[in-house]
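Chains as they are written, first to last, in my numbering: chain A, 1 to 310; chain B, 1 to 281.
Simulated from the structure, these hints should not be mistaken for lab results.
Derived lysine to any residue pairs resembling SDA-like cross-links, with alpha carbons at most 25 Å apart: (1) B:K144 to B:I158; (2) A:K201 to A:F219; (3) B:K127 to A:V40; (4) A:K186 to A:F124; (5) A:K182 to B:Q184; (6) A:K68 to A:I57; (7) A:K304 to B:F218; (8) B:K6 to A:L208; (9) A:K9 to B:W202; (10) B:K185 to A:Y29; (11) A:K304 to A:Y291; (12) A:K186 to A:F115; (13) A:K182 to B:R4; (14) B:K127 to A:V62; (15) A:K63 to B:I132; (16) B:K127 to A:I33; (17) B:K241 to A:C129; (18) B:K241 to A:M151; (19) A:K118 to B:I27; (20) B:K207 to B:M195; (21) B:K241 to B:L45; (22) A:K147 to B:F245; (23) B:K241 to A:E238; (24) B:K185 to A:F24; (25) B:K144 to B:P157; (26) B:K127 to A:S72; (27) B:K241 to A:L159; (28) B:K185 to A:L298; (29) A:K304 to B:R214; (30) B:K6 to A:G198; (31) B:K69 to B:S152; (32) A:K120 to A:I184; (33) B:K207 to B:L271.
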Amino acid sequence: MNAGYLVNKVRRYLIVAKKHGLIFRIIVYLLMIGIGFVFVYPLLIMLAESMKDVYDIVNPLVKWIPTKIYFSNFIRAWNVLGGFDVLLTSSFYMLLIAACQTISSALIGYGFAKFSFKFKRVLFFLVICTFIIPDQVTFMPKYLMFKSYGMLRTIFPFLVPALFGQDIRNTIFILIFYQFFKMIPKSLDEAAQIDGAGFVKIFAGINLPLAIPAIVVVFVFSFVWHWNETYLADLYFETAIRTFPLTLQRFTEYFAKLYPVSESANPLLRLNESVRMAGTLLCIVPLVILYAFLERYLIESLDKVGITGE
Amino acid sequence: MSLRTKEQLIGLGFVSPWIIGFIVFMIYPIFNTILYSFSEVRFLLNAVQTTFVGFFNYTDVLLKDPDFKLALPQYFMQLLLFVPMVVIFSLMLSLLLNSKLKGRSFFRALFFLPVIIMSGPVVDNLKSMNAITLQGLFNFPVYKFIAQYLPSFVSVPILYVFNNAVLILWHTGVQTLIFLSALQKIDRSMFEASMVDGASSWQQFWKLTLPVLRPFIFLNIIYTVMDVSMSTLNPIIVQIKLAMFNIRKGFGFAAAASWIYFIIILFAVMLAYLLFGREKE
Numbered sequence: 001m002n003a004g005y006l007v008n009k010v011r012r013y014l015i016v017a018k019k020h021g022l023i024f025r026i027i028v029y030l031l032m033i034g035i036g037f038v039f040v041y042p043l044l045i046m047l048a049e050s051m052k053d054v055y056d057i058v059n060p061l062v063k064w065i066p067t068k069i070y071f072s073n074f075i076r077a078w079n080v081l082g083g084f085d086v087l088l089t090s091s092f093y094m095l096l097i098a099a100c101q102t103i104s105s106a107l108i109g110y111g112f113a114k115f116s117f118k119f120k121r122v123l124f125f126l127v128i129c130t131f132i133i134p135d136q137v138t139f140m141p142k143y144l145m146f147k148s149y150g151m152l153r154t155i156f157p158f159l160v161p162a163l164f165g166q167d168i169r170n171t172i173f174i175l176i177f178y179q180f181f182k183m184i185p186k187s188l189d190e191a192a193q194i195d196g197a198g199f200v201k202i203f204a205g206i207n208l209p210l211a212i213p214a215i216v217v218v219f220v221f222s223f224v225w226h227w228n229e230t231y232l233a234d235l236y237f238e239t240a241i242r243t244f245p246l247t248l249q250r251f252t253e254y255f256a257k258l259y260p261v262s263e264s265a266n267p268l269l270r271l272n273e274s275v276r277m278a279g280t281l282l283c284i285v286p287l288v289i290l291y292a293f294l295e296r297y298l299i300e301s302l303d304k305v306g307i308t309g310e
Numbered sequence: 001m002s003l004r005t006k007e008q009l010i011g012l013g014f015v016s017p018w019i020i021g022f023i024v025f026m027i028y029p030i031f032n033t034i035l036y037s038f039s040e041v042r043f044l045l046n047a048v049q050t051t052f053v054g055f056f057n058y059t060d061v062l063l064k065d066p067d068f069k070l071a072l073p074q075y076f077m078q079l080l081l082f083v084p085m086v087v088i089f090s091l092m093l094s095l096l097l098n099s100k101l102k103g104r105s106f107f108r109a110l111f112f113l114p115v116i117i118m119s120g121p122v123v124d125n126l127k128s129m130n131a132i133t134l135q136g137l138f139n140f141p142v143y144k145f146i147a148q149y150l151p152s153f154v155s156v157p158i159l160y161v162f163n164n165a166v167l168i169l170w171h172t173g174v175q176t177l178i179f180l181s182a183l184q185k186i187d188r189s190m191f192e193a194s195m196v197d198g199a200s201s202w203q204q205f206w207k208l209t210l211p212v213l214r215p216f217i218f219l220n221i222i223y224t225v226m227d228v229s230m231s232t233l234n235p236i237i238v239q240i241k242l243a244m245f246n247i248r249k250g251f252g253f254a255a256a257a258s259w260i261y262f263i264i265i266l267f268a269v270m271l272a273y274l275l276f277g278r279e280k281e
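Turn these sequences into a full structure, and let the hints steer you where they fit.
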């Protein structure tokens, strides 16, 4: 009798209690840890690989843990990427573009969310449609246009479309602001209107301060996606503006420039996988640091923005 | 001026940057690319000369060009296997994250990290290191069993997941968050009521959760299709860019290729709409 009671109790503890059963929890944890490992697996490989020197690379016994920690890969990769100079200038440019994109998206989203005007539905439909038009369909004439205005090799090919809400992934940003401004009650605006506030004041004084989560999300994503963009950037910037990802794309070329082949007598100085991995790692480190600071705020904001709304 | 017209004007004022931008950076280029795709484009000193050649560029892309013959099947493979896998995995991840567990926010942050760090060259370098596939898996007997004994329509998708595990997961960030916040908005009382009626969690998932998520599945398919199609590593867009500055191919060829590409994307989006986009009666 006692044993039956015990079995029953154990059974209840392990299985029955839904969402709190021990077995269920263990399975979920194992799954999460397993999947989490797959997520970080490339980063671990990168880290392990980037600390190997030449002897470790050719040594078949060394897979994960290098025989000694070897930092010279990082130093060389950092120099090839262009160091703080490139980091600061490109960040500054990207911040500028992101600011423009945020401002214009806020204005456009606000216009769609709070006002009714003729053809609004048509225009809004077109905004959504632009999301599925690939850049390839429009970028050849745009390229010629920017070329004829002498805007190539500057940031204007990104900056100007950003000002007009036509930059990369702009639909998403407009929708985020649209969604957010829709959630702010209209009675707030009406109250301010009765108090005699003009439309500029209602927008800048009442709606914008409330929309800070949306502003953060859009600004950060605009910055990050421009930072990571190489397809158009390569076309527009040519070699005049360097970013880390663009340099990484032509790593061999830049490496050869900085460390000419004549030194190839010493195998330590040649370009190898480890230097390349160190470069890849350095390329994402600034983003990871940014993410570490902003993660909590960013995901909270994403929740508030209600990206699920549409 | 009445209050209504004033409001209309202010609204249009706010939206006007987009309208101007749309005309200059969307309508005008689209018409030009259509023109290019039907002509041979030559660059003179300060003008662009186009000679009408009919569908020559299109047939060139589809029938003659060896690079596109290779790139097109690769892209179809991505659409047919990669996109569904990303959506399925992001649904699974969001269900996992939705269970009330300790360390949930840590995993959520971890699963979202790739959205921030992923860029073409980074993934490219990881690919060259074989860091995208889990190498240990190939030695497992299960892997060999699947590869040898199962019919190909079962084994191909499973092996595809094994081979691209990291890439698939790395593409799930935004989609997982979208599913997650949709899940959190589901009415709790619905579940409680169904539990009283004796529904198992398996039934709850199919009868309650999935119908609620339906529009978000559609949204996520569209997002994933575009994410994959705009990725710097996409075989077709790489070819389009190369064709632009290729002496034999040129702008006309590239324009035709990009229109064919757009039509494929459009079909994918329409298919997603037919499957998940319409409201069920």
